[in-house]
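Under this note's numbering, the letters of the sequence shown match residues 1276 to 1360, in that order.
It should be emphasised that the hints constitute simulated quantities derived from the structure, not laboratory data. Hints may contain errors.
[To be verified] Heads up, simulated SDA-like pairs for lysine to any residue below, C-alpha to C-alpha not over 25 Å straight-line:
no. : residue 1 : residue 2
1   : Lys1293   : Gln1277
2   : Lys1293   : Val1305
3   : Lys1358   : Gln1315
[As the list claims (entries may be wrong)] Here are the simulated distance ranges between beta carbons:
no. : residue 1 : residue 2 : range
4   : Met1301   : Arg1345   : 13 to 23 Å
5   : Pro1318   : Val1359   : 33 to 43 Å
6   : Gly1352   : Ser1284   : 29 to 39 Å
7   : Ser1317   : Glu1360   : 29 to 39 Å
8   : Gly1311   : Ile1348   : 33 to 43 Å
9   : Asn1285   : Glu1360   : 15 to 25 Å
10  : Asp1280   : Val1359   : 19 to 29 Å
11  : Leu1316   : Leu1276   : 17 to 27 Å
12  : Asp1280   : Ser1317   : 17 to 27 Å
13  : Ile1348   : Gln1315   : 13 to 23 Å
14  : Pro1318   : Val1356   : 28 to 38 Å
15  : Glu1360   : Gln1315   : 32 to 42 Å
16  : Asp1280   : Gly1311   : 16 to 26 Å
17  : Arg1345   : Ser1294   : 13 to 23 Å
No experiment lies behind these values; they were computed from the predicted model shown. Every residue gets a Cβ at the ideal spot worked out from N, C-alpha and C, and that includes glycine.
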Amino acid sequence: LQALDFLHSNQVIHRDVKSSSILLGMDGSVRLDDFGLCAQLSPEQDKQSSMVGTAHGMAPAGSSGAHGPRVDIWSLGMVAVEKVE
(Lines of atoms letter the chains of each structure in order from A and count residues from 1; the text may use other names and numbers.)
(Lines give C-alpha, C1' and ligand atoms only; values in the text may rest on other atoms or scores of the structure.)
Protein backbone atom coordinates (compact mmCIF):
# COMPACT_ATOMS: atom_id res chain seq x y z
CA LEU A 1 0.00 0.00 0.00
CA GLN A 2 2.87 2.38 0.73
CA ALA A 3 4.26 1.88 -2.77
CA LEU A 4 0.93 2.67 -4.40
CA ASP A 5 0.44 5.64 -2.08
CA PHE A 6 3.86 6.96 -3.11
CA LEU A 7 3.09 6.52 -6.81
CA HIS A 8 -0.35 8.09 -6.54
CA SER A 9 0.91 11.04 -4.47
CA ASN A 10 3.35 11.70 -7.33
CA GLN A 11 0.59 11.54 -9.96
CA VAL A 12 1.68 8.11 -11.27
CA ILE A 13 -0.54 5.08 -11.79
CA HIS A 14 0.98 1.58 -11.97
CA ARG A 15 -1.71 0.05 -14.24
CA ASP A 16 -0.48 -3.54 -13.89
CA VAL A 17 -0.70 -4.60 -10.24
CA LYS A 18 -0.82 -8.41 -10.18
CA SER A 19 0.56 -11.28 -8.10
CA SER A 20 3.81 -11.44 -10.05
CA SER A 21 4.35 -7.70 -9.45
CA ILE A 22 4.41 -8.19 -5.69
CA LEU A 23 7.69 -9.51 -4.31
CA LEU A 24 8.12 -11.04 -0.86
CA GLY A 25 11.52 -10.78 0.79
CA MET A 26 13.10 -13.37 3.08
CA ASP A 27 12.74 -10.82 5.90
CA GLY A 28 8.99 -10.54 5.34
CA SER A 29 9.20 -7.30 3.38
CA VAL A 30 6.77 -6.72 0.53
CA ARG A 31 7.79 -4.78 -2.56
CA LEU A 32 6.02 -3.64 -5.69
CA ASP A 33 7.74 -4.40 -9.01
CA ASP A 34 7.17 -4.14 -12.77
CA PHE A 35 6.79 -0.43 -13.43
CA GLY A 36 6.89 -0.77 -17.22
CA LEU A 37 3.25 0.24 -17.75
CA CYS A 38 3.19 3.18 -15.32
CA ALA A 39 1.61 6.38 -16.56
CA GLN A 40 2.38 9.92 -15.41
CA LEU A 41 -0.73 11.96 -14.74
CA SER A 42 -0.96 15.72 -14.32
CA PRO A 43 -3.38 18.11 -12.62
CA GLU A 44 -4.87 18.81 -16.05
CA GLN A 45 -5.11 15.10 -16.89
CA ASP A 46 -5.94 13.10 -13.76
CA LYS A 47 -7.09 10.07 -15.73
CA GLN A 48 -5.48 7.91 -18.41
CA SER A 49 -7.47 6.81 -21.45
CA SER A 50 -5.24 4.05 -22.81
CA MET A 51 -6.13 0.56 -21.64
CA VAL A 52 -3.14 -1.58 -20.65
CA GLY A 53 -2.40 -4.21 -18.04
CA THR A 54 -3.27 -7.78 -17.25
CA ALA A 55 -6.91 -8.51 -18.12
CA HIS A 56 -7.52 -10.77 -15.10
CA GLY A 57 -6.98 -7.98 -12.59
CA MET A 58 -8.24 -5.08 -14.66
CA ALA A 59 -10.84 -2.87 -13.03
CA PRO A 60 -14.20 -2.44 -14.78
CA ALA A 61 -13.41 1.28 -15.13
CA GLY A 62 -10.28 0.37 -17.07
CA SER A 63 -12.25 -1.28 -19.82
CA SER A 64 -14.83 1.47 -20.13
CA GLY A 65 -12.64 4.50 -20.76
CA ALA A 66 -10.59 6.95 -18.71
CA HIS A 67 -9.22 5.71 -15.40
CA GLY A 68 -7.02 6.97 -12.59
CA PRO A 69 -5.45 5.64 -9.39
CA ARG A 70 -8.57 3.67 -8.50
CA VAL A 71 -7.62 0.98 -11.03
CA ASP A 72 -4.50 0.20 -8.97
CA ILE A 73 -6.57 -0.17 -5.80
CA TRP A 74 -9.01 -2.48 -7.61
CA SER A 75 -6.15 -4.61 -8.92
CA LEU A 76 -4.57 -4.82 -5.46
CA GLY A 77 -7.92 -6.03 -4.12
CA MET A 78 -8.05 -8.67 -6.85
CA VAL A 79 -4.57 -9.86 -5.81
CA ALA A 80 -5.75 -10.09 -2.19
CA VAL A 81 -8.79 -12.16 -3.21
CA GLU A 82 -6.56 -14.39 -5.34
CA LYS A 83 -4.19 -14.99 -2.41
CA VAL A 84 -7.05 -15.80 0.00
CA GLU A 85 -8.44 -18.41 -2.40
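Hint check results:
1. Lys1293 <-> Gln1277: holds, 16 Å
2. Lys1293 <-> Val1305: holds, 13 Å
3. Lys1358 <-> Gln1315: Between Lys1358 and Gln1315 the Cα gap is close to 29 Å, so the pair fails against 25 Å, i.e. violated.
4. Met1301 <-> Arg1345: 13 to 23 Å: For Arg1345 against Met1301, whose Cβ atoms are near 33 Å apart, the range 13 to 23 Å is violated.
5. Pro1318 <-> Val1359: 33 to 43 Å: Once the Cβ atoms are compared, 37 Å apart, the range 33 to 43 Å for Val1359 and Pro1318 holds.
6. Gly1352 <-> Ser1284: 29 to 39 Å: Since Gly1352 and Ser1284 have Cβ atoms about 20 Å apart, the given range 29 to 39 Å is violated.
7. Ser1317 <-> Glu1360: 29 to 39 Å: Given range 29 to 39 Å: holds, Cβ gap about 38 Å.
8. Gly1311 <-> Ile1348: 33 to 43 Å: violated, 20 Å
9. Asn1285 <-> Glu1360: 15 to 25 Å: violated, 32 Å
10. Asp1280 <-> Val1359: 19 to 29 Å: holds, 22 Å
11. Leu1316 <-> Leu1276: 17 to 27 Å: Between Leu1316 and Leu1276, where Cβ atoms are some 19 Å apart, the hint holds.
12. Asp1280 <-> Ser1317: 17 to 27 Å: holds, 19 Å
13. Ile1348 <-> Gln1315: 13 to 23 Å: holds, 18 Å
14. Pro1318 <-> Val1356: 28 to 38 Å: Holds, at about 33 Å.
15. Glu1360 <-> Gln1315: 32 to 42 Å: holds, 34 Å
16. Asp1280 <-> Gly1311: 16 to 26 Å: holds, 20 Å
17. Arg1345 <-> Ser1294: 13 to 23 Å: holds, 20 Å
In terms of the numbered hints stated before, the structure departs from hints 3, 4, 6, 8 and 9, listed from lowest to highest.
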